[in-house]
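Protein chains: 2
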Amino acid sequence: MNVSLRGAYWIFFALVVVYLNDGKVVRAADPLPSWNNTSPKQSIVDFVDNVTKEGSPDFVPPAERIATFDNDGCLWAEQPMYFQAIFALDRVKVLAPKHPEWKTQEPFASVLKGDVKSALSGGEKALLKMITATHARMTTEEFHEIVTDWLATARHPKTGRRYTEMVYQPMLELLAYLRANGFKTFIVSGGGIEFMRPWTEQVYGIPPEQVVGSSIKTHFEIRDGKPVLVRLTELNFIDDKAGKPVGINQHIGRRPIAAFGNSDGDLQMLQWTAAGEGPRFCLLVHHTDAQREWAYDRNSHVGHLDKALVEAQRQSWTVVDMKNDWKQVYPSRND
Amino acid sequence: MNVSLRGAYWIFFALVVVYLNDGKVVRAADPLPSWNNTSPKQSIVDFVDNVTKEGSPDFVPPAERIATFDNDGCLWAEQPMYFQAIFALDRVKVLAPKHPEWKTQEPFASVLKGDVKSALSGGEKALLKMITATHARMTTEEFHEIVTDWLATARHPKTGRRYTEMVYQPMLELLAYLRANGFKTFIVSGGGIEFMRPWTEQVYGIPPEQVVGSSIKTHFEIRDGKPVLVRLTELNFIDDKAGKPVGINQHIGRRPIAAFGNSDGDLQMLQWTAAGEGPRFCLLVHHTDAQREWAYDRNSHVGHLDKALVEAQRQSWTVVDMKNDWKQVYPSRND
Chain B
1 MNVSLRGAYW
11 IFFALVVVYL
21 NDGKVVRAAD
31 PLPSWNNTSP
41 KQSIVDFVDN
51 VTKEGSPDFV
61 PPAERIATFD
71 NDGCLWAEQP
81 MYFQAIFALD
91 RVKVLAPKHP
101 EWKTQEPFAS
111 VLKGDVKSAL
121 SGGEKALLKM
131 ITATHARMTT
141 EEFHEIVTDW
151 LATARHPKTG
161 RRYTEMVYQP
171 MLELLAYLRA
181 NGFKTFIVSG
191 GGIEFMRPWT
201 EQVYGIPPEQ
211 VVGSSIKTHF
221 EIRDGKPVLV
231 RLTELNFIDD
241 KAGKPVGINQ
251 HIGRRPIAAF
261 GNSDGDLQML
271 QWTAAGEGPR
281 FCLLVHHTDA
291 QREWAYDRNS
301 HVGHLDKALV
311 EAQRQSWTVV
321 DMKNDWKQVY
331 PSRND
Chain F
1 MNVSLRGAYW
11 IFFALVVVYL
21 NDGKVVRAAD
31 PLPSWNNTSP
41 KQSIVDFVDN
51 VTKEGSPDFV
61 PPAERIATFD
71 NDGCLWAEQP
81 MYFQAIFALD
91 RVKVLAPKHP
101 EWKTQEPFAS
111 VLKGDVKSAL
121 SGGEKALLKM
131 ITATHARMTT
141 EEFHEIVTDW
151 LATARHPKTG
161 RRYTEMVYQP
171 MLELLAYLRA
181 NGFKTFIVSG
191 GGIEFMRPWT
201 EQVYGIPPEQ
211 VVGSSIKTHF
221 EIRDGKPVLV
231 RLTELNFIDD
241 KAGKPVGINQ
251 HIGRRPIAAF
261 GNSDGDLQML
271 QWTAAGEGPR
281 FCLLVHHTDA
291 QREWAYDRNS
301 HVGHLDKALV
311 EAQRQSWTVV
321 DMKNDWKQVY
331 PSRND
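Protein chains in written order, with this note's numbering: chain B, 1 to 335; chain F, 1 to 335.
Be careful, since some hints might not be right.
Since the list gives no way to pick one copy over another, a pair counts as held whenever it fits inside one copy or between any two copies.
Claimed, not checked - No farther apart than 27 Å at their CA atoms in a straight line, the calculated lysine-lysine pairs in the DSS-like style are these: (1) K226 with K113; (2) K113 with K158; (3) K241 with K217; (4) K217 with K93; (5) K226 with K184; (6) K241 with K226.
The hints are simulated quantities; they were obtained by calculation from the structure and are not laboratory data.
Chain B with its partners taken away, still in its complex shape (with noise of 0.2 Å):
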């Protein structure tokens, strides 16, 4: 090989890399640069070498590194409440003018008079009033418009960021760094799919085929001449706890190799994915940041995590202590 030819090498290949990696330069250096140098950086790094090294007898192929994310408290804060849970009670106040009747019903009437706590108060029942009422009897299509319009103008009562700027910023490296080592990811979460998916893409890079979520069931039918799916007011699944391992199973189809969740909610998926032949990754993102974002576990009515924990420690899962293991919360703003 002649140098201009081995010099044509280097710039061909270096090409092939950035195209590889959609466009972006390799960094040689840190992928996980918002992660402390401590153990769950070093295992998840172990991890992927290994899986990833051909030739090495854990060796996992492409097609079948599969990663599942929970959401909620996992790659964006769920906290004071679910940020869905939030939206519904916006959402209550914006359609409140249609409805003169929901003064004098709850949940509606306390939600109207800022008495979150006493709208909530009512359990699985107000809530599913709640749900019915602001998403279901619209259009797939209006509903999506419905959640984009929300997320581009409303803001988190304590921090004052748009929801999408509550994501994790070391979990955004964690994705990227995971899918450049050839795995898939998804997310598996108990909130809505339909809730999530106008935005995932654009927020994680994971496109609207690669969410599960818990959803109500839609109708198709011909309006005007016009084929639409129409959301009703009854439930199709919940995929949360033992809904998880089957919402996996029915979107998915095959085992994942990796799984990361935060709370009680995601210890069926966990357990589901570590259950499987050949090499598992478990995290648990354990929230113990007061400071830049919210310390809670046993005793919280969101991102409950207790017995995930105590299962964390028997099966040697990952567990993250977000204030020593993470260097930065959320991405840095642009405004």
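Start from chain B and add chain F according to the hints.
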């Protein structure tokens, strides 16, 4: 650019092209060699050229190039009855020694006497009994193995081929052609999702997570310390007719730009696809070849094609006349 640099450019350009096409050398020649040069082939090529040409007003970004395919009668044959029904009948015979009561219970008694017509005369109720007896009350992993074992040995009564050798060669080429042009190919079938997933990746190049189908409910539980998913005797979802757009929305979360079917069970999927904005492609396979395959449409109990054919004419969808438009039906045999 000197001469050897230019030479290196072409060598590495070729390598990139080969790499991007998954290791297979690109045929600059005909990507659809089993299609005659009749109008359906031309419509396919025109559509693909149109949506993939950067700068064209009809350009569609790769992420949105979703193509959905029916399975029975569209990707593989479906006569003299759906292959999954043949599987169920075979399973009844295999399981019969453990069920002496079947000798006097319908539809099992008729199946065991070899009288399929009487067995199926019980309609949906009889079918459900057989599905329950043959598809449920085992783990998802056990069912996967049963399907795999059956496909490895069972042979079609008329052709003597394995069922996975009764796929349509022109459709295999079409799947590969679309994927080489940045499309993501999905199956959307009335058939059982767990009946298809064990073999679609190997046969069609479609991974489990891109298979949408009908399903029964599953239940997560820990058995002897090991988490399993048990298949229940309760229907979960029928992915047929108006269920197809619902299934597409549930699994994929975006509207296809191209859809392929062969019966009235595909009508709503094609309507849903056609109604989106921008360029759309809808195709029906019309079974017109009694010699090489089967000829049937309006009067057939499987693959009933009537309303969809009328709609295809009204909306100018592409209709494949199998006899005239396909050079070859099945892949050349290996054995």
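>> For each hint given before, does the structure comply? Return the numbers of the non-compliant ones in rising order.
In response: Number 1 only.
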